[in-house]
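Student: Two chains, two separate frames, one set of hints: put the complex together.
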Amino acid sequence: DTAVSQTPKYLVTQMGNDKSIKCEQNLGHDTMYWYKQDSKKFLKIMFSYNNKELIINETVPNRFSPKSPDKAHLNLHINSLELGDSAVYFCASSQGSRRREETQYFGPGTRLLVL
Amino acid sequence: TQLLEQSPQFLSIQEGENLTVYCNSSSVFSSLQWYRQEPGEGPVLLVTVVTGGEVKKLKRLTFQFGDARKDSSLHITAAQPGDTGLYLCAGARGGSYIPTFGRGTSLIVHP
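Protein chains in written order, with our numbering: chain A, 68 to 182; chain B, 657 to 767.
This is chain B alone, in the form it adopts within the complex (with noise of 0.2 Å):
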């Protein structure tokens, strides 16, 4: 059983519409984080969200964190080809700062 569940699994959009991505749970994380992995790169952390209902806006990136702790999103408005990639949400629970991965969204964006 995945314990975090990452959705859409792959999108692929135009250039200039806007995507949402899910990242949902039954368990509560004290910290949720948002990475983008590159094509034969490592992922590269976006942003940390720990407090219920925080919002944090990354440029064009939008980042939630649901008010009971359990869920994230990430909006991209306008998407560009640049924003192709795999996007990994990783909470962490209780005490623990090591991080548990979801299986990640693959974004394509063509221009």
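So here's chain A without its partners, still in its complex pose (with noise of 0.2 Å):
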């Protein structure tokens, strides 16, 4: 059984469409992420809800916008999307038990090409 899975896992599209990627875990954990992993290979964390609540919003453009229906689910939709959108982005779930040793399991990415 798949952890964390994300949908879809490529997704080519135009500059100035509206596109969403869904993931879903099924650990039972409390606390969801998105990271954008750029073509250099840098993970940086974009989101993070917990219990279907935000907790962190890093510095990124309001065209994107996480969505938790529930606390299994975490959509990230993107406006208007440009060049530089282009790359891979990844869900990860946490226990949420907010201990420094928390372990990040993470889906498999859904990698974005804006043409």
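To be clear, the hints were calculated from the coordinates, so they are not data collected in a lab. Nothing here was measured: the structure is a model prediction, and the numbers come from that model. Hints are supplied without guarantee of correctness; some may be wrong.
Straight-line alpha carbon distances no greater than 27 Å define the calculated DSS-like cross-link-like pairs of lysine-lysine that follow [claimed, not checked]:
hint: 1; chain 1: B; residue 1: Lys726; chain 2: A; residue 2: Lys103
hint: 2; chain 1: A; residue 1: Lys76; chain 2: A; residue 2: Lys89
hint: 3; chain 1: A; residue 1: Lys134; chain 2: A; residue 2: Lys76
hint: 4; chain 1: B; residue 1: Lys726; chain 2: B; residue 2: Lys713
hint: 5; chain 1: A; residue 1: Lys119; chain 2: B; residue 2: Lys712
hint: 6; chain 1: B; residue 1: Lys713; chain 2: A; residue 2: Lys103
hint: 7; chain 1: B; residue 1: Lys726; chain 2: A; residue 2: Lys89
hint: 8; chain 1: A; residue 1: Lys76; chain 2: A; residue 2: Lys138
Estimated spans, in silico, between C-beta atoms of each pair [as the list claims (entries may be wrong)]:
hint: 9; chain 1: B; residue 1: Lys713; chain 2: A; residue 2: Ser147; range: 48 to 54 Å
hint: 10; chain 1: B; residue 1: Gly738; chain 2: A; residue 2: Lys134; range: 37 to 43 Å
hint: 11; chain 1: B; residue 1: Val711; chain 2: A; residue 2: Leu182; range: 46 to 52 Å
hint: 12; chain 1: A; residue 1: Ser132; chain 2: B; residue 2: Asn674; range: 44 to 50 Å
hint: 13; chain 1: A; residue 1: Asp97; chain 2: B; residue 2: Gly750; range: 17 to 23 Å
hint: 14; chain 1: B; residue 1: Gln670; chain 2: A; residue 2: Lys119; range: 47 to 53 Å
hint: 15; chain 1: A; residue 1: Ala139; chain 2: B; residue 2: Asn680; range: 23 to 29 Å
hint: 16; chain 1: B; residue 1: Val684; chain 2: A; residue 2: Met82; range: 39 to 45 Å
Positions of the beta carbon are idealized from the N, C-alpha and C atoms, including for glycine.
Tutor: Right, here's the structure in full:
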């Protein structure tokens, strides 16, 4: 069984379009995250939700809007896509105990290419 | 400015060789984690270290947290092609449990 799943795995779209990426975790975790990994493999946190509430919102354009319908799902909607949005987007989850040894479980990633 | 500097950025070695990857910072971390990311996959946690000077072993992998909790190293003994991947260190500061990632070391082990 897949612990953290994302759809779609690949997304190719035109500049200016609006797209969504879905994420689901079946681990019973309270906290979920979205990360962006650029072409140089730098992994940077974008958002974090704990029990459907936004707790971290890094410096991300407001074209990016996360939505958490329940604690097992965290979707990412992107408006007016730009070329610089091309990257791999990873969803992750963790127990939410807020302990420093907390383990994050990553999904397989969504490869977004904006043309 | 990158909070966590990893070196080397790239490493290409032959099967059976030993290697060490470094993760350095001027900041103190309450915990430091190492992840491995294989092509087309998400990162997978290898280890978490929380105590200065701590050493953890995972089969042929040895992880060390610096005494001052500002740096860490990962040593692989007798590398195998299955060790190929991107090794990422990630540190959490203060009361935060959200880690900041380094840029990674890309390792290729040739058979």
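Student: Against each hint, give a clear statement of whether it holds in the structure.
Tutor: So, going through the hints one by one against the coordinates:
no.	hint	result
1	B/Lys726 <-> A/Lys103	holds, 25 Å
2	A/Lys76 <-> A/Lys89	holds, 10 Å
3	A/Lys134 <-> A/Lys76	holds, 19 Å
4	B/Lys726 <-> B/Lys713	holds, 19 Å
5	A/Lys119 <-> B/Lys712	violated, 35 Å
6	B/Lys713 <-> A/Lys103	violated, 30 Å
7	B/Lys726 <-> A/Lys89	violated, 36 Å
8	A/Lys76 <-> A/Lys138	holds, 22 Å
9	B/Lys713 <-> A/Ser147: 48 to 54 Å	holds, 49 Å
10	B/Gly738 <-> A/Lys134: 37 to 43 Å	holds, 38 Å
11	B/Val711 <-> A/Leu182: 46 to 52 Å	holds, 48 Å
12	A/Ser132 <-> B/Asn674: 44 to 50 Å	holds, 47 Å
13	A/Asp97 <-> B/Gly750: 17 to 23 Å	holds, 21 Å
14	B/Gln670 <-> A/Lys119: 47 to 53 Å	holds, 50 Å
15	A/Ala139 <-> B/Asn680: 23 to 29 Å	violated, 38 Å
16	B/Val684 <-> A/Met82: 39 to 45 Å	holds, 43 Å
In the structure shown, a violation is registered for the earlier hints numbered 5, 6, 7 and 15, in ascending order.
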